[in-house]
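If you read the sequences in order, they're chains A, B, C, D, E and F. Per the UniProt record's numbering, the first sequence starts with residue 1, numbered consecutively. Per the UniProt record's numbering, the second sequence starts with residue 1, numbered consecutively. Per the UniProt record's numbering, the third sequence starts with residue 1, numbered consecutively. Per the UniProt record's numbering, the fourth sequence starts with residue 1, numbered consecutively. Per the UniProt record's numbering, the fifth sequence starts with residue 1, numbered consecutively. Per the UniProt record's numbering, the sixth sequence starts with residue 1, numbered consecutively.
Watch out, some of these pointers could steer you wrong.
Chain copies aren't distinguished; within one or between two, either way the pair holds.
[What the hints assert, rightly or not] Only pairs whose alpha carbons sit at most 20 Å apart, straight line, appear in this in silico SDA-like list of lysine to any residue:
| id | residue 1 | residue 2 |
| --- | --- | --- |
| 1 | Lys171 | Asp59 |
| 2 | Lys171 | Asp83 |
| 3 | Lys171 | Asp84 |
| 4 | Lys171 | Gln18 |
| 5 | Lys150 | Val208 |
| 6 | Lys171 | Thr85 |
No lab work stands behind these hints, which were simulated from the structure alone. On a predicted model such as this, the values are computed, not experimentally measured, just so you know.
Protein chains: 6
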Amino acid sequence: MSPDLITFGETMGLLLAQPGLPLEHADGFRRSVAGAESNTAVGMARLGHSVGWFGRVGDDPFGHAALRMMRGEGVDVSRAVVDDTRPTGLLVRDAHAQRPIEVCYYRSGSAGSSLRPADVDEQWIASARSLHFTGITAALSEDARAASEKAAHVAREAGVPVSVDPNIRRKLADGPRWRELLRPLTGYADLVLTGLDEAREINGHTDVRDTAAWFLERGAGLVVLKLGSEGAWATDGTEEWFQRAAEVPIVDPVGAGDAFNAGFLSARLRGLPVPEALAEGVVVAGNVVQVAGDMDGLPNSRMLELTRDSEQVTTR
Amino acid sequence: MSPDLITFGETMGLLLAQPGLPLEHADGFRRSVAGAESNTAVGMARLGHSVGWFGRVGDDPFGHAALRMMRGEGVDVSRAVVDDTRPTGLLVRDAHAQRPIEVCYYRSGSAGSSLRPADVDEQWIASARSLHFTGITAALSEDARAASEKAAHVAREAGVPVSVDPNIRRKLADGPRWRELLRPLTGYADLVLTGLDEAREINGHTDVRDTAAWFLERGAGLVVLKLGSEGAWATDGTEEWFQRAAEVPIVDPVGAGDAFNAGFLSARLRGLPVPEALAEGVVVAGNVVQVAGDMDGLPNSRMLELTRDSEQVTTR
Amino acid sequence: MSPDLITFGETMGLLLAQPGLPLEHADGFRRSVAGAESNTAVGMARLGHSVGWFGRVGDDPFGHAALRMMRGEGVDVSRAVVDDTRPTGLLVRDAHAQRPIEVCYYRSGSAGSSLRPADVDEQWIASARSLHFTGITAALSEDARAASEKAAHVAREAGVPVSVDPNIRRKLADGPRWRELLRPLTGYADLVLTGLDEAREINGHTDVRDTAAWFLERGAGLVVLKLGSEGAWATDGTEEWFQRAAEVPIVDPVGAGDAFNAGFLSARLRGLPVPEALAEGVVVAGNVVQVAGDMDGLPNSRMLELTRDSEQVTTR
Amino acid sequence: MSPDLITFGETMGLLLAQPGLPLEHADGFRRSVAGAESNTAVGMARLGHSVGWFGRVGDDPFGHAALRMMRGEGVDVSRAVVDDTRPTGLLVRDAHAQRPIEVCYYRSGSAGSSLRPADVDEQWIASARSLHFTGITAALSEDARAASEKAAHVAREAGVPVSVDPNIRRKLADGPRWRELLRPLTGYADLVLTGLDEAREINGHTDVRDTAAWFLERGAGLVVLKLGSEGAWATDGTEEWFQRAAEVPIVDPVGAGDAFNAGFLSARLRGLPVPEALAEGVVVAGNVVQVAGDMDGLPNSRMLELTRDSEQVTTR
Amino acid sequence: MSPDLITFGETMGLLLAQPGLPLEHADGFRRSVAGAESNTAVGMARLGHSVGWFGRVGDDPFGHAALRMMRGEGVDVSRAVVDDTRPTGLLVRDAHAQRPIEVCYYRSGSAGSSLRPADVDEQWIASARSLHFTGITAALSEDARAASEKAAHVAREAGVPVSVDPNIRRKLADGPRWRELLRPLTGYADLVLTGLDEAREINGHTDVRDTAAWFLERGAGLVVLKLGSEGAWATDGTEEWFQRAAEVPIVDPVGAGDAFNAGFLSARLRGLPVPEALAEGVVVAGNVVQVAGDMDGLPNSRMLELTRDSEQVTTR
Amino acid sequence: MSPDLITFGETMGLLLAQPGLPLEHADGFRRSVAGAESNTAVGMARLGHSVGWFGRVGDDPFGHAALRMMRGEGVDVSRAVVDDTRPTGLLVRDAHAQRPIEVCYYRSGSAGSSLRPADVDEQWIASARSLHFTGITAALSEDARAASEKAAHVAREAGVPVSVDPNIRRKLADGPRWRELLRPLTGYADLVLTGLDEAREINGHTDVRDTAAWFLERGAGLVVLKLGSEGAWATDGTEEWFQRAAEVPIVDPVGAGDAFNAGFLSARLRGLPVPEALAEGVVVAGNVVQVAGDMDGLPNSRMLELTRDSEQVTTR
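Chain A on its own, in the form it takes in the complex (with noise of 0.2 Å):
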């Protein structure tokens, strides 16, 4: 079966503190699995999607429970390797509304971050209706860096639509060095999917327009920027549009970028038009940060419908 969706990167285990309590003090944790792209697709794979994963797991507890959990979320995981060189990465961190969340990493040396070009299966992908992945596997290693931009490749000869979410993250690399990374990844991308900080350290503009412009300018057809709890806005270089987030209490606000990715990808692959694929997103991402955990709040359809009738959103 040919699938919506095929994404890859790094995938961790999370070790996550009692909502509330600091990680230095916390005493209590619950274990959950991180990761952006494979937060994104869980997130569609509950939405009804039919979707890929691959990447590195190391032969340990951890990466047995990864593969294990998005197994059992329907994700087809058959092109993932396990790798008994090499662990599985680890992040350990607290969770809260608003208190500055600490984060412990332990992925120097890991499993996923050897994801090499070997690894990315060209017939696969090809045969997918889409593919997503995120800057963040560029920066892990060499490899993993060929081995996005194999993927890209491969997507865009065989005529697959290609979603690239920046994600940058300060402790994988410095300014310049994404900057480098993500310029040529991101001109695979027919969709950008960006929050308005990281795309000012790959083109350095700080206006929405301007940003969507330079994206727009290397090839991509739309381009979607996200506003943290402003909402998200989104243009194709004619029309623009602009969502409002949902107003919810927030428990723990990470995860709500993958989240917002499963939603508009969801729609539009079911054909929706882009202000309803950015409502759709808002509504995705509002049922995460309401659950302590990376991805442990990723709606399935009903619930979906169900948030989408409380009125919480109103598209625009």
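Following the hints, put chains B, C, D, E and F in place on chain A, whose structure we already have.
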């Protein structure tokens, strides 16, 4: 001793997901008890009233635990029946401030739904200061409907004031069925406590004054319309009163209506005028929605007074 | 791919009281999944086998969670049916090393009990290396019994070896009914895995050799008698083997039999002789009883090997 | 209704560290209720007896919760006094199978220790089938000692059989003081239930027969010596009986003696002979030590029967 | 090393109900430490200051745990006394964003309340950069009052600036008694940090300027009035400053005042002007109220900076 | 003050799965600290000794928490280095009485493994009453090995007795490498504390007397062989002693060896003869294995005495 209030219905075990986690993904559950009328009974007992509850539970851990809880709170359950041929109903749900709440009901064929006219102790009801019930009971089974009618009839004959809350649950019956069940039963009511949507299912009106007039024409002396986060409105056909809802951080909105009933009925039994009773209803409901669980946040008199003093609520 | 084993039956949500607290007084519950056949299916999947399971679950959080769990473990649930007209069964219980275990079943009218012959994918079964089922399914409903028989018949016709575990539960049917149900069904069995008490319900024998002889006469090639804390005994009519149980600290004995089946069947499919298969069954069961939950302690291959190496178990 | 048994004493809030963690380092606590006599009262109520308890609690959350718990279990607490001038006692401890148990008592100046003769309802006691108390109460204060004596005196005058358990706690008084307190009080006892060490504090004997003889000479008709993990021994001066302790995995030994008393007294009230009463005492105690908490493991009649059937205990 | 600040008082064990559940009904508790001055001491230690605390704790798990906690945070407790004749005080409470908080104190006769002048190390205090205490200590016992006075006197003689927070608790003394205790003690203060209501208990004024003037006349150089959710106001008699409170989601307001003191005092010791010190006080308090517990949310310097950067707070 | 003992090595954050659940499937984790030498350091500090520990931790929540824990226990960590260029190591594991324990190590490139000779405070070591280290440190890095050697050398020069525990972990190095590392280092030991298997890696002997003789020949004055659940054996070449292990219910065997070392070294420092020191080692280890976590069950002096009194252990 003559009880201040007698009520009856189905009481179930409740297993409540850790607040904030969606039911489908929650791992940890806390146990409590649920049931519209037992919520109100406990609410009034905590406020110092002598209260009786009757109904059927199974001869199993959930049934015994429900009776133990009510007995512990001082509710007289001496007329409750332990039915060893049917299980106690069970309800598993999640709790969110704002996400739609997901509920799994295991109440078909339950002991509670087999309440019957023979379970109604006529002398006891005739001795009480008031009788309260909800429309849920009538929708459980023909036997339970007949028991509701018998109790209402006994009360009217004995001059015991009757209050009714339609409390329509779409999972139990459809609109026409609710109308058929509740038109006769609300006819017994001296006091109707209802949501606006529920009232419309019964009488088709969408305006507060129209809907109140409909109940007043059929014999009610007072109609209270619960308007959710806006507050509550009441009329006796002559005067009108309105009370804003308490402004509190919501943890779990379930049980707010039953709690309002407890506060309102308690105030009336203590001889307070309608506007003060509305205020008490709103304060009790405001306590309950701050705590996960249908009845876990019901305040005692001291807590009620403390909350009132904190000026969370102003009567007007 | 031809599955190593196909099995079917009812799978339910499980809410497990905090180990050591009696069900009637426990406040905290952990969620898992229960079902004799799904336990065995997951057990074999963890040991590296390709396994298929089918059955019906409701279109509700417990049903989706059960499928997600099995799918995550690598069990092929593509033939499972989501029945949106019935709820998924639910089981609430406590867990003790030695106190009697208390269980509340909410499975009457469940989706799982409405399994029917049309749910049996004949081609799939005919393609498998083995078929396994328990007597529980036949006791759920006439439809479910017919489905069991159809699956057994298809397997026999296709030359697929059949294993049957009577797994008699007194809550589901009385003795004569069990006899009526299981005499024909065990007639399909190439391999009978049973407790001694359960076997007596079927054939009236109390001696291990007599009871084994009864099954062998009716066509079984091998009979395994599970003797609880003593161990397990087997015969093919010619030879006899015995294996002591593992000496481990018990946390929750539930699921030991299903785990034994997984270990034994896995070993046989890997071509091991009967005594080694008995030893593997005993090791897998010994892992499960050290962990609260029906299946939470099922080991993977690596864990099985580690346990075996720790000389907890000696084959003789 | 004439109660089967009346008892009295101090009941305290209990905060129990997560089993297995030392008190000084534990982070999580579960709340329960503790008090030798209320343990026995709840034990007997769960076994189906009508039981009354009296004593003083503070007008605070721990006091109300203790009464609610007992009332919920069906214990008649209508004679208990809520003393709004003193706090309810509190006990914080850890629970281990075998490590020494660490306890922090907060009971000095507690409401419970201010029990006084005026709290003793003479008519109620005279109407009971039996009176039970422990030596702890007398050690709390002179008022409480006088109340114990008054209750004992009333019972003797009314021909109500009295049972006494010295239950010596070194934290409350020293050896000579215990002797002074308990010699007169045990003089009222028809039945003495005691540990051997405690008896020695009172009468100086170290041999079971000598110590029993001492109590029999002073008027007891039956003496039961609780021998911990060995079991229990009894004599009426003519015959002697012994019962081995149940062989169960211990989680928390606290409360075993109170539980034994409940089982023994219940059996005697049901007319069972001494050896069967010893056996019931041992089974009830065996249930309690498998569960963390003083009284959380007290079985109901059905659980008692199940345990008895499991042949954990053999009468001889 | 000369400590930046020395403080003293009573420190108690804290058992905190699971946030959101009323104390009377909560089952689970988390352990922490409470005490106005130790809260401030830990707050300052986390911000990098050398801090000393002295007082008395019992020779019991709560006393040792309190010292271990403070020592762990780097607070110098070498002058603290372990008093093996009295227990450490204990405090059991619930935590709510807005419901009234219920507290059970077990501090009568505690080790902490027996602080005495002999416990005051004069040389150590004379060597410090500042001394801080609250009015609570003086209300514990005459000995503790005398110790407070001695410490204040020593500091004044040595030219060590003194800050006092009245911190009136109605449970410890009535209004006239507070006035009698605090008028002399606040006379030692170079800096008064107080709530408006507390100040009124002392000087009868209800206006911020009047109340400040009263303290300034009696020798204070600076008066800070903590105005709860509105913010904080300060004057030195010449200038006035105001700082809005941080807008954060409140989980547990307890400890906000002690945290404010830590932030304010720390900023002053780092040489910051009053308005910036007010801002730091507000940020530290804003961190604490987002976390359940009196001191669990106290930020370290890095966290303080991150919060400040998030523009939660604007100095004006 | 001259410390009784100085030790050094790597200390890591520990996240421990809820006891009894396999790591791959556990959802809840509790946080503690792990590290062979810090375990022994805390063990001795709890028994009343002045102890110093040094090593490197990262400038992150796990590093600060580890130092805070040790400082809280009274261990002098003033020579520890906070290395802001590397993360603190992390260890995630499960805890079982008997199932194999699964561990995920995140320590490659950790701050702890970058310990170097410059971190060794020569004067401080020369001032101590004893120096203790394990072979783990030498296997972390060449720098760490050199630091170990330097510390050992300084101690020998200053006449400070040295104890060494090889503590071989197969995950860190292979057999030949361990031999190469440990032959020179154990050459500094006045006291060797080792398991039999570990000793064989170093000297090839399998017999207790042979292996002891090998160490004695190379300069050790006393050799203690830890024999797990059997107990411990020691010789000085002249006499031999044996001590049975404590018979306790095991919850988590990890940390037993480090705990034994603390008990043994403490007893020797208090001047006790070898057989009593063996008994103390066994009692301390017996306390630790009853509690989940590497060091959470380490007893203080009072607990040690209580355990000793309970006759769990008999010296012979």
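Failing hints, ascending?
-> 4, 5
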